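Novice: Let the sequences and hints guide you as you build the complete structure.
In mature numbering (1 follows the signal peptide of the UniProt record, and there is no 0), the protein residues as written are -22 to -1, 1 to 222.
If you're looking for bench data, these hints aren't it; they were derived computationally from the structure.
These numbers were taken from a predicted model, which means no experiment stands behind them.
You may find that some hints are simply not true.
Stated by the list, open to error - EDC-like cross-link-like pairs, simulated, lysine to aspartate or glutamate; straight-line CA separation at most 20 Å:
id	residue 1	residue 2
1	K123	D78
2	K1	E114
3	K123	D18
As the list claims (entries may be wrong) - Pairwise CB distance ranges (calculated):
id	residue 1	residue 2	range
4	D126	D35	15 to 23 Å
5	E66	D9	15 to 23 Å
6	K1	D113	22 to 30 Å
7	R112	D9	32 to 40 Å
8	D139	E66	22 to 30 Å
9	V61	K1	32 to 40 Å
All C-beta atoms, glycine included, are put in the ideal place defined by N, C-alpha and C.
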Amino acid sequence: MVRLSISSLAIFTSLLTAKAAAKDVLCLVNDVPVATVDLDTGVCPFTLPAELVAFFDYTSSEDYNIQFYYAIANSARYFTDIVNAGTEIDIPANQIYGTDGAPVYQVHVENTPASNSTAAIRKRMLNQVEVIKRDEASDFAESLKSVDGTLVNSALFKVVDIPSGSSSIASGTPTGTIPVSSGVNTVGDVTETLESTKIITVTHCSDNKCSAATVPATPTVTTYTVDGTVTSYTTYCPLTDAAD
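Specialist: What follows is the structure, given as structure tokens:
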């Protein structure tokens, strides 16, 4: 018989409570699902649409042509990788969840040295390519983060609940297959596919004790198709009570 101290029981109970309270949500770009993350700890990898182009052409603080983006969530700015002309913005899911979405702004700054300046003459007459120090470019990019951009979309990035019937209701990994009939149900842009029954492992906890049991379950694969982008989720519904 294993005895647990009061402190151990408290920690164990807290872990079980935290696990039970965990919630997955959907990260959307233009209302298209791009990732599923934990609401409290997850970070959404939002990739900008192809039409939002980023570039970083930097010769000096007097000669540059730069375009980048940032989103605002909970009054904070989240930027693309400016120096590397990145097109992804990472934002914690809980900073957007429950709002109408995160607006995205474009910043474009450009400067060309005067035609009679030393830098311009050297570049034009000698065709000299200056070696740019990485720190210099990074420092300049950092200074641009205070520049206010132009709004390109008021709610490009969103975090929403997973539609009912699309999230997993049983813990564990499928461990086998039992042949049964299958079928496909289609409603609009949502397709549900009923696959063969699988054997899954379900963990049952009661009275500070947990046990694992294998039970047959019917998986349902729900597929969302929006603008040619397909996202699938699998739900496992146990056919028997794991506690029996």
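Novice: Report the numbers of all earlier hints that the structure fails to satisfy, in ascending order.
Specialist: 1, 2, 3 and 6
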